[in-house]
Amino acid sequence: MANRKNTVDEKVEKYINDLFADVGPSQQLFDLKEELTTNIKEKVADYQSRGMEEEQAIKEAVISMGDLRGLVDDMRNIGQDTAKQAVYTSMTERVSIAGIIAGVLLILFGIFTVAMLFLMDIPRVSAAGSGIFIVAGTALITYSLLTKETSKKYAMNKIRAALYALAIGLIMFGIFSGITSGYATGEAYIAVAATMVFVLAGVGLFLFLILTGSNRYKNI
Amino acid sequence: MGNTISTDLIRGNTDTIILNILRQGDNYGYGIYKEIIKLSDNQYELKEATLYTAYRRLEQEGYIISYWGDETQGGRRKYYRITELGNERFEQNKKDWDFAKVILEKLIKGGINNGK
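Heads up: the protein sequence lines correspond to chains A and B, in order. With my numbering as the guide, the letters of the first sequence map in order to residues 1 to 220. With my numbering as the guide, the letters of the second sequence map in order to residues 1 to 116.
To be clear, the hints were calculated from the coordinates, so they are not data collected in a lab. It cannot be assumed that every hint is accurate.
[Said to hold, decoys possible] Mimicking BS3-like on lysine-lysine, the simulated pairs with C-alpha atoms at most 25 angstroms apart in a straight line are: (1) B:Lys38 <-> B:Lys106; (2) B:Lys78 <-> B:Lys95; (3) B:Lys47 <-> B:Lys34; (4) A:Lys33 <-> A:Lys14; (5) A:Lys11 <-> A:Lys33; (6) B:Lys47 <-> B:Lys109; (7) B:Lys109 <-> A:Lys33; (8) A:Lys59 <-> B:Lys38; (9) A:Lys11 <-> B:Lys94; (10) A:Lys14 <-> B:Lys47; (11) B:Lys94 <-> B:Lys34; (12) B:Lys109 <-> B:Lys94; (13) A:Lys59 <-> B:Lys78; (14) A:Lys11 <-> B:Lys101; (15) B:Lys94 <-> B:Lys38; (16) B:Lys78 <-> A:Lys14; (17) B:Lys38 <-> B:Lys109; (18) B:Lys95 <-> A:Lys33; (19) B:Lys95 <-> A:Lys59; (20) B:Lys94 <-> B:Lys47; (21) B:Lys95 <-> A:Lys11; (22) B:Lys101 <-> B:Lys78; (23) B:Lys94 <-> A:Lys59; (24) B:Lys106 <-> B:Lys34; (25) B:Lys106 <-> A:Lys33.
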């Protein structure tokens with residue numbers, strides 16, 4: 001008897017699995033399959049208790065369900081939505097990884113060029129000019145890191161991440177323009193003045209963002 | 001089950017039929033199906049495919065909620081319970097039905113007197 005019970009279970013489960021075979025996974029699908037399976041098994045047991053043979057009982061129970069195509073379509077739509085979400089997440093993931101790599105390469109390129117030009121016998125102001133690559137690279141990495149979703153944190157919204165990148169970029173650019181204008185004029189006060197303007201703007205924006213931020217930690 | 005009710009006619013009343021059963025106690029998919037057969041004195045069977053679609057719709061609209069029962073031999077049963085909103089919906093649908101059945105009776109069986 002226990003054996004026969006198992007074959008009914010398996011056949012009903014197979015029928016349900018086949019029915020939803022080409023439907024993308026979702027919590028709703030998982031729940032509906034369990035609900036249908038439980039109820040069909042019970043119906044088969046009812047038919048059998050009225051003296052119907054196992055094969056016949058399963059066949060009758062399935063037929064009496066009626067046309068389940070509407071439900072299958074419902075589930076297919078839900079499954080496609082989650083598949084779309086997964087594609088979307090992996091796309092932004094790829095974009096932000098590309099941004100981090102490009103940012104690191106830009107910074108390295110800037111450092112190497114500056115080092116190279118410093119060692120060549122040319123005016124220092126030209127050498128410092130290549131530092132702009134370091135500024136751009138830092139801003140790009142800032143943006144990419146903030147828009148990357150991690151296992152603990154959700155991705156930051158893109159506008160906010162861009163503002164953070166701008167703030168960091170402004171601070172870096174302030175330092176950069178301080179160095180270049182300092183070299184260009186040979187006057188330290190000009191260097192400080194040039195730095196001050198951009199750093200103040202950058203720090204102001206940065207503080208504003210920090211103080212208005214929302215919690216991005218996932219509740220797991 | 002010789003006579004049938006047209007799909008159009010039953011479709012408009014499926015929700016009310018389910019709500020009528022659930023307002024008398026929580027029940028699960030197959031249980032509701034059996035209850036409907038019993039209520040019709042074994043004269044009418046509402047297909048389960050129709051019922052499951054209706055459960056999903058009723059739950060989305062907030063008229064019923066669902067919860068999983070304990071494990072039985074066959075697996076877990078998914079039970080449904082009517083909400084306050086569902087009760088209000090049922091009362092309204094019942095009133096609408098009382099009105100509709102009187103009118104439909106007149107329209108379908110009424111004889112036309114042209115004053116001859």
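Does the structure keep Lys101 of chain B and Lys78 of chain B at a Cα separation of 25 angstroms or less? 34 angstroms, violated
Next pair to validate is Lys109 of chain B with Lys33 of chain A; report whether the Cα-Cα distance is within 25 angstroms. 45 angstroms, violated
25 angstroms Cα cutoff - pair Lys95 of chain B, Lys11 of chain A: 45 angstroms, violated
Restraint status (C-alpha distance of Lys11 of chain A to Lys94 of chain B at most 25 angstroms): 41 angstroms, violated
Sort out whether Lys109 of chain B lies within 25 angstroms of Lys47 of chain B, counting only the CA atoms. 29 angstroms, violated
Given the hinted pair Lys33 of chain A and Lys14 of chain A, is their Cα-Cα distance within 25 angstroms? Cα-Cα ~11 angstroms, so holds.
Hey, Lys95 of chain B versus Lys59 of chain A, does the alpha-carbon distance stay inside 25 angstroms? 40 angstroms, violated
Please verify whether Lys109 of chain B and Lys94 of chain B have alpha carbons no more than 25 angstroms apart. 22 angstroms, holds
Pair hint Lys94 of chain B and Lys59 of chain A, alpha-carbon separation not exceeding 25 angstroms: Not OK: Lys94 of chain B and Lys59 of chain A at ~37 angstroms, beyond 25 angstroms, violated.
Satisfaction of hint between Lys34 of chain B and Lys106 of chain B, Cα-Cα up to 25 angstroms: Judged against 25 angstroms, a Cα distance of about 33 angstroms means the pair is violated.
Hint consistency between Lys94 of chain B and Lys34 of chain B [alpha-carbon to alpha-carbon, up to 25 angstroms]: 22 angstroms, holds
Check the hint pairing Lys94 of chain B with Lys38 of chain B against an upper bound of 25 angstroms on the C-alpha distance. Judged against 25 angstroms, a Cα distance of about 20 angstroms means the pair holds.
Of the numbered hints given earlier, the model fails hints 1, 2, 6, 7, 9, 14, 17, 18, 19, 21, 22, 23, 24, 25; all others are met.
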